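All chains, full assembly: derive it from the sequences and hints.
If you're matching positions, the sequence shown starts at 40 in my numbering and goes up one per residue.
Calculated directly from the structure, the hints in this document are not laboratory data. Predicted model, so just to flag it, every value in this text is computed and none were measured. Yeah, the Cβ is synthetic: ideal placement off N, Cα and C, and Gly gets one too. Among the hints, a few may not be true.
[Said to hold, decoys possible] Distance ranges between label pairs, derived from CB positions:
hint, residue 1, residue 2, range
1, G112, R63, 35 to 43 angstroms
2, P48, I192, 31 to 39 angstroms
3, A58, D241, 18 to 26 angstroms
[Unchecked claim] Using 16 angstroms as the maximum straight-line C-alpha spacing, the simulated EDC-like pairs for lysine to aspartate or glutamate come out as follows:
hint, residue 1, residue 2
4, K111, D96
5, K109, E92
6, K109, D96
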Amino acid sequence: MLPAVCEIPAGQYTLGAEALPFSRPPHPVTLAAFALAAWAVTNGEFAPFIAAEGYQDARFWSEMGWRWQKSKGETQPAFWEDTRFNHTLQPVVGVCWYEADAFARWLALESGQAWRLPSEAEWEAAARWQQPLPAWPPSESVDAQINSVERGIGRTWAAHTVGQRAACGAWNLLGNVWEWTSTRWGHNWQTLDYPYPYRADDGREDLSGSHARVIRGGSYFDLLREAHPAQRARFLPGSRASNIGFRLAFSQRDAG
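Structure representation (structure tokens):
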């Protein structure tokens, strides 16, 4: 079953926030129309990739991703057997950037639809949806609709049907799990080589290499202050964690 999507129209969107050090300055960006998955990829949606032996098929992996896979010999996500995280409706976690990219390539081949990871600009545009930007840091200590560490749950909740639904219609863009994007952060975790303002033509959307990649949204393991539409963070592409998952997107010009 293909993911349900939210259609995001072409237009100018505002990215960034002056209050967040890595998100300065606020600036406009023009985006083409795209569709964003309405929720993060679930364990149930990821399972067919495993069953199809996607971990063993080089067709679905980038060059660096296949190197990672051959060196690790992984056959499933890191927390696949952990009952805290492996319910069918929970977002798949314990997947590195290479695995998320491989899943997108596999689904694209299976469906004939050009699924991919969203850029951080697309992710932020969908999360903000031209609504007033929330204050940062947040004035409240707990948000009942956001799964952050203050809730004390200690695990993810379902990718949809529970939690916050953004104005664009997407579930849990904030909290629950950080989400991989296609966008480079820098050559390593420490170095921000691709600051804001966002430019799609400066190399940050190059999918090759082993650059740290931008993650978005905050998680159940992090403070509520991380669950902000403009908050930028990063993770190494070969690293896995119980609080990082992903959702997919496709360009509307590729639809059909």
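Each hint, compared with the structure:
1. About 42 angstroms separates the C-beta atoms of G112 and R63, a value consistent with the hinted range of 35 to 43 angstroms.
2. Checking the proposed 31 to 39 angstroms range against P48 and I192 shows it holds: the Cβ atoms sit about 35 angstroms from each other.
3. A beta carbon spacing of about 24 angstroms between A58 and D241 agrees with the range 18 to 26 angstroms that was offered as a hint.
4. At roughly 14 angstroms between alpha-carbon atoms, K111 and D96 fall within 16 angstroms of each other, so this suggested pair holds.
5. A C-alpha spacing of about 14 angstroms is found between K109 and E92, which places the hinted pair at or below 16 angstroms, so the restraint holds.
6. Taken as a hint, the K109 and D96 pair is honoured in the structure, with Cα atoms around 11 angstroms apart against an allowance of 16 angstroms.
Of the numbered hints given earlier, the model fails none.
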